[in-house]
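Produce the entire structure from the sequences given, and follow the hints as far as they go.
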Amino acid sequence: MIDTTIMKRKNEPTGYACDERSSSALQSIIGQNSVESFFRDQFQSNPSIYHVDRINEDMSPVLDSVYSMGWNGVALLLHASQAYLDSAETQESAVLPLIFRDQEPIQLEEIKATYGNSPFAAFLDGCSIVNNHADLLAPPLAALCIDLQRSLPHVYINTYLTPPGAAAVNAHADDRDVFVIQVLGEKQWKVYDEVPIPYPSTNEQVGKNNLSVPCSVLQKKPLYEITLKQGDVIYMPRGFVHEACTSSSESSFHATVALATDDWSMSKAITDIVTQQLQSSTKFRMAVHPEIGMKHLNSVGTDFKEKTDALIKDAMGQITSKISLDSISDHLAAKYRTHNQFVGQKRQKLCDDATSQTASKATSDEVVGPDAAQRVKLTSKIRAGTSEEKESVPPPISTRGRGLTVREHTFDALICILGILKTENRSIKVGELREEIEDSKDVEMICDLTILSFVKCCVELGAMALDI
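The opening residue of the sequence shown carries number -5 in this note's numbering; numbering runs sequentially from there.
Hints may contain errors.
[Said to hold, decoys possible] Derived pair list, reagent style PhoX-like, types lysine-lysine, alpha-carbon separation capped at 25 Å:
| # | residue 1 | residue 2 |
| --- | --- | --- |
| 1 | Lys301 | Lys289 |
| 2 | Lys435 | Lys416 |
| 3 | Lys371 | Lys223 |
| 4 | Lys384 | Lys106 |
| 5 | Lys277 | Lys289 |
| 6 | Lys307 | Lys277 |
| 7 | Lys202 | Lys214 |
| 8 | Lys384 | Lys371 |
| 9 | Lys299 | Lys277 |
Honestly, the hints are just simulated from the structure, not real lab data.
In structure tokens form, the structure reads like this:
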């Protein structure tokens, strides 16, 4: 059970949820620095690289649970996201996984036709998988967000899974500050020093929406060029251009904690308050007379100009009376509360359900098919499937047959696994399969998740079976 109790300060006005305990995860990330110094010296200004000391006695248990997910935990997240793909027509698009091949997004129809909606099959084909709002899919990420919101108004998490020798997206800048937490594997990052558009809004993100990154940015020496490994964290304020790719031998899974700083900007807060104030009055809802804007002002009738000018002065008076530190504070408090109430219950339920499922540990006798595939872990023992077992599995969702599409670099090594299981007629732990193919071609591109994904797909198809 995650403790999400909110402590109210004495004399704090109703509606302001302030936790007197700062985020343990944020403190573990920034290390010896205080949370106050982070907001004073780094927030919204300077990219920084941190290394989380997991053996420190003050290590945040919430953050440590994220690092402890392992590839089995990533697999659980992928299964959760697959459920959204299977019911894509009835689900919110915000939580649907995004699958990229050669840095280009794949449409839902092709995901279903080629991969049968399986993120594991897409990963085997060299695709990168992005899960937006992954804090609504994985309990450790949900708990991390709950903890971080002790020090931050609102956060959410997107995750990026990238196979060896690949990249999800091109160089770009974001409209939000982020903490990039390297959870598993490693990834090579470049963060550039020149900020093309300071504090960009959503439609000003270079590298997105047909807005190019200026050549001058990429031609200069990066501010940081570093390989992130487990425990490394980058804090990146919005607007800084960055790009990342995996090495030829390591997959990568990182969690990006997003701080929607564009939504918290002073300009948006004032705009929201002004709009709400003026829209509440009928006279400000009326259209400006057509002559104003269609003609030069010298040609507009005096009566129209005087009435419009008086209306402007009236509006300015109302705006001035409404914009204050108190009104900005009230507006942002209501905004944060709306966001956090919406997702807070979902996150807490996810954490509670995970606790109850761990306690119940439901089992099944199925050894092949989709349900059996969900139970495959690195510690599971598997064997070759029989002809009868293969015939018993339901037909695949994919419209392109029962086979798998596996990237060329790993095909030979993975096929060797099937051959070993069939010819030697024995069961092997999934986590030990890589040792069985050490002499295979391109085995260096085979990681634990590649093998786990391959076994899950084969168990779903009946080519392999759980040995229980």
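For each hint, the structure was consulted:
| no. | hint | in the structure |
| --- | --- | --- |
| 1 | Lys301 - Lys289 | holds, 16 Å |
| 2 | Lys435 - Lys416 | holds, 20 Å |
| 3 | Lys371 - Lys223 | holds, 23 Å |
| 4 | Lys384 - Lys106 | holds, 21 Å |
| 5 | Lys277 - Lys289 | holds, 23 Å |
| 6 | Lys307 - Lys277 | holds, 13 Å |
| 7 | Lys202 - Lys214 | holds, 20 Å |
| 8 | Lys384 - Lys371 | holds, 20 Å |
| 9 | Lys299 - Lys277 | holds, 16 Å |
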